[in-house]
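Peer 1: Those protein sequences? They're chains A and B, same order as listed.
According to this note's numbering, the first sequence is numbered sequentially starting from 1.
According to this note's numbering, the second sequence is numbered sequentially starting from 1.
The hints are simulated quantities; they were obtained by calculation from the structure and are not laboratory data.
Be aware that one or more of the hints could be misleading.
Stated by the list, open to error - Taking lysine-lysine pairs in the BS3-like style, the calculated list, with each CA pair at most 27 Å apart, reads:
#1 A:K338 <-> A:K99
#2 A:K234 <-> A:K380
#3 A:K388 <-> A:K377
#4 B:K221 <-> A:K138
#5 B:K182 <-> A:K338
#6 A:K138 <-> B:K182
None of these values were measured; they are calculated from a predicted model.
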Amino acid sequence: MDALLQGLQLVFNGQTLLVILAAAAFGIFVGAVPGLTATMAVALLVPITFYMDPTPAIAAIVTTSAMAIFAGDIPGTYLNIPGTPASAAYVGESSLLAKKGRARETLGTNLVCSVFGGLFGTIILVFVSPSLAEVALKFSSYEYFWLALLGLSSSIFISIGSKTKAFLSLMIGLLLSTVGLDMMSGAPRFTFGIPDLMAGINFIPVMIGMFALNEIMSFYGSRVEARTPPALSKDKVFGQVPSHVKRYWRNMLRGSSLGTLIGALPGAGADIAAWIAYAAGKSRSKDKAAYGTGHIEGIVDASSANNSGISGAWVPALVFGIPGDSITAIVIGVLYMKGMNPGPTIFMEGSGLVYSLFVVFFVANLIMLPIGYLAIKSSKVFILTPRKILMPIILCFCIVGAFSINNSITDVWIMLLVGIVAFILARCDFPMAPAILGLVLGTTLENSFMSSMLKSNGDLLSFFSRPISASLGALVILIWCSPLLVRLYQRYRAPHTNHTPRSS
Amino acid sequence: MTASNKKTALKGTAAALLLALSGAAFAEYPEKPITIIVPWAAGGGTDATARTIASALEEELGQTINVVNRTGGSGVVGHTAISTAKPDGYTLGLITGETNMMHWLGLTDLTYKDFTPIGQINFDYSGVQVAEDAPFDSLDQLLSSIKEQPAGTYNASGTGLGGVWHLAFAGFLLDQGIEPNKVTWIPSQGAAPAMTELVSGGIDIVPSSVPEARSMIEAGKAQSLGIMAPERLDSFPDVPTVKEAIGSDYTIGEWRGIAGPKGMDQAIVDKLESALEAAYNSETYQGFMAKQGFGTEWRNAEDFETMMGEMDQEYGNIIESIGLKK
Numbered sequence: 001m002d003a004l005l006q007g008l009q010l011v012f013n014g015q016t017l018l019v020i021l022a023a024a025a026f027g028i029f030v031g032a033v034p035g036l037t038a039t040m041a042v043a044l045l046v047p048i049t050f051y052m053d054p055t056p057a058i059a060a061i062v063t064t065s066a067m068a069i070f071a072g073d074i075p076g077t078y079l080n081i082p083g084t085p086a087s088a089a090y091v092g093e094s095s096l097l098a099k100k101g102r103a104r105e106t107l108g109t110n111l112v113c114s115v116f117g118g119l120f121g122t123i124i125l126v127f128v129s130p131s132l133a134e135v136a137l138k139f140s141s142y143e144y145f146w147l148a149l150l151g152l153s154s155s156i157f158i159s160i161g162s163k164t165k166a167f168l169s170l171m172i173g174l175l176l177s178t179v180g181l182d183m184m185s186g187a188p189r190f191t192f193g194i195p196d197l198m199a200g201i202n203f204i205p206v207m208i209g210m211f212a213l214n215e216i217m218s219f220y221g222s223r224v225e226a227r228t229p230p231a232l233s234k235d236k237v238f239g240q241v242p243s244h245v246k247r248y249w250r251n252m253l254r255g256s257s258l259g260t261l262i263g264a265l266p267g268a269g270a271d272i273a274a275w276i277a278y279a280a281g282k283s284r285s286k287d288k289a290a291y292g293t294g295h296i297e298g299i300v301d302a303s304s305a306n307n308s309g310i311s312g313a314w315v316p317a318l319v320f321g322i323p324g325d326s327i328t329a330i331v332i333g334v335l336y337m338k339g340m341n342p343g344p345t346i347f348m349e350g351s352g353l354v355y356s357l358f359v360v361f362f363v364a365n366l367i368m369l370p371i372g373y374l375a376i377k378s379s380k381v382f383i384l385t386p387r388k389i390l391m392p393i394i395l396c397f398c399i400v401g402a403f404s405i406n407n408s409i410t411d412v413w414i415m416l417l418v419g420i421v422a423f424i425l426a427r428c429d430f431p432m433a434p435a436i437l438g439l440v441l442g443t444t445l446e447n448s449f450m451s452s453m454l455k456s457n458g459d460l461l462s463f464f465s466r467p468i469s470a471s472l473g474a475l476v477i478l479i480w481c482s483p484l485l486v487r488l489y490q491r492y493r494a495p496h497t498n499h500t501p502r503s504s
Numbered sequence: 001m002t003a004s005n006k007k008t009a010l011k012g013t014a015a016a017l018l019l020a021l022s023g024a025a026f027a028e029y030p031e032k033p034i035t036i037i038v039p040w041a042a043g044g045g046t047d048a049t050a051r052t053i054a055s056a057l058e059e060e061l062g063q064t065i066n067v068v069n070r071t072g073g074s075g076v077v078g079h080t081a082i083s084t085a086k087p088d089g090y091t092l093g094l095i096t097g098e099t100n101m102m103h104w105l106g107l108t109d110l111t112y113k114d115f116t117p118i119g120q121i122n123f124d125y126s127g128v129q130v131a132e133d134a135p136f137d138s139l140d141q142l143l144s145s146i147k148e149q150p151a152g153t154y155n156a157s158g159t160g161l162g163g164v165w166h167l168a169f170a171g172f173l174l175d176q177g178i179e180p181n182k183v184t185w186i187p188s189q190g191a192a193p194a195m196t197e198l199v200s201g202g203i204d205i206v207p208s209s210v211p212e213a214r215s216m217i218e219a220g221k222a223q224s225l226g227i228m229a230p231e232r233l234d235s236f237p238d239v240p241t242v243k244e245a246i247g248s249d250y251t252i253g254e255w256r257g258i259a260g261p262k263g264m265d266q267a268i269v270d271k272l273e274s275a276l277e278a279a280y281n282s283e284t285y286q287g288f289m290a291k292q293g294f295g296t297e298w299r300n301a302e303d304f305e306t307m308m309g310e311m312d313q314e315y316g317n318i319i320e321s322i323g324l325k326k
């Protein structure tokens, strides 16, 4: 109780609230400009959070990411270009609705769903993570090994598009994670005599390169600034919301729970949550035919899902130090820098910091309502900001940001090189999330494997000797075998269904 | 720009530089902000110590002091950055006990001789932590169990291979006439993850400093059996010294001090030394260290250098005896 009060005190002071407001404006802006993603917003924010106390730093990240995910719907609705990848699932529906003159109504519904989804995910975060942390205290290197492997595997199996490309992308991340002084043997690897590389490859410059520099290059590579100023509709923002909520409250609940779950899975973030929730909503809908013609139902599902995914991703990040998506991958770095080491002990310190984090989540999602309303009203500003002015500014931020993490020029080079490589990979449709996850989890995977081997004198069966570890191991192996099982099932099913058609 | 223009410009620059240099030598040091490099991550214990001493030093010197973290590579990155800085007194660093270890391990050529010592500000002694439900309640029981059981029965963790707590514990076992390899060392990122492993039952012993184990001890999940210090800590009065527990005079731990690159001006070192001593004795610094439970120990520039020389030998011997010398 004392800690909760301390937490409230940490949030409700002038500085933190001011930071939340500024971060909200920043998040809305970045999210609403097409091509600038929520992850990029957070990566560029990190160097600034350096100079803040832990609570405002976390508040800035939470607010920015939540706002950006909502704001991605604004250009999606007006221009048919998703502001962030998380809006891509339903951009078709919402732009069709906008053509019918219902743009504000759509965005109003989006906003309410986003707020609901965000709060839903937060409630899960608040209630699940402390009890999960009690369990996590029993985790030793065996369990962490399986957990890391589970994260890496699911980042491939949940990815959209070619699984082979996702796997290769993961391998690049794992390779980068081996650079530096090996903790187990104390031997430097791939350092080429550069002292800075002894520390390994810092993933913040890598993220800035992958998500920001890459976007800048894609922009100059394509030069599509085709934007006919859209006819802004004058319908009421919240006018139809109550009736939509009344009709589709089940969709909001389903979208939010799916979103939280998918967000909590390592490697899958808000964008995948939105796709899956949209598909799930469609398959269970009463009027499937209306989908794709400008139907609000799918938007309700997916828009709740992407915001709840943002909150859900924090559960594994706080409890195990394993990121749920690319944003929490950055968050883990920031938490370490602020002396809040993610892991089960974060709930034992009693300094109120964790509670302040929870409070920040509520505040950020609640102020989304008024700020989002203002953003909808002034949509035109975001849509018409010329990107050719923004991009050079962002490039400056990229370079300053990469340098300031460690005050090292090496990091700037890493950022630039990774940006170029990521640009080529992205052009060839390689997903970026597995590479980031590989870089973040690679060390955990290797070190937990090595220390388990040291502890058990090289007995591989020790990975199955503890109950939690054995079940996690079985789960990972099941996931690996799932494509095979699905194929077997289909082969068995195919002749079978000829005789007895499905009854459902 | 024509050739003659270039020449004039060059001359001008040279003159300006000369002026600046002579100015620096004659003007009262410090006339611009000072940077303190910390080889460990922001948010950790060393970083907090550095930031506190920096703010106390700021008051003494009347100049802004910026604390910059250069982390990674078991401290190699940051220590290298300190030693290769310009020895003008405007770049200093918080150097740590790793200075006495990393060159023996073959990670770098850097030794304590590459620094200009200014003053030692802290010393944290190694402790012996076990889980609360561990089968031993005293250091004596633990040591006899280690002696009786075959090698590899027990394992310990707390730093990377050849890190401070690894060496401290190996030295302790040697002192007790036990082969260090009877206890398997499990490398870890630091004391905090090792404490989590300890509580989960993954490892048996964490020989970190007692303050690093504080949150787990206070949560009733771990206990400290002894501390390798000459006397009990004020912050943990219940933890006996190894002298009280088993009658050993062995003491070891991690030191921290302020130093600059080699070749600093003696006048600047003297000024910094007295300012640092005043900062060390300040309420800001002493109050913070007491609150954190960190140990305080002052040595002036000369004693600091002697201490580093002795520790260098001691750690060198331990590293050699456990076969990590490169």
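Peer 1: Each of the hints needs a verdict: does it hold here or not?
Peer 2: Now for the hints, and whether the structure bears them out:
| no. | hint | verdict |
| --- | --- | --- |
| 1 | A:K338 <-> A:K99 | violated, 47 Å |
| 2 | A:K234 <-> A:K380 | holds, 12 Å |
| 3 | A:K388 <-> A:K377 | holds, 24 Å |
| 4 | B:K221 <-> A:K138 | holds, 11 Å |
| 5 | B:K182 <-> A:K338 | violated, 37 Å |
| 6 | A:K138 <-> B:K182 | holds, 26 Å |
In summary, the structure is inconsistent with hints 1, 5 from the numbered list given earlier, while agreeing with the others.
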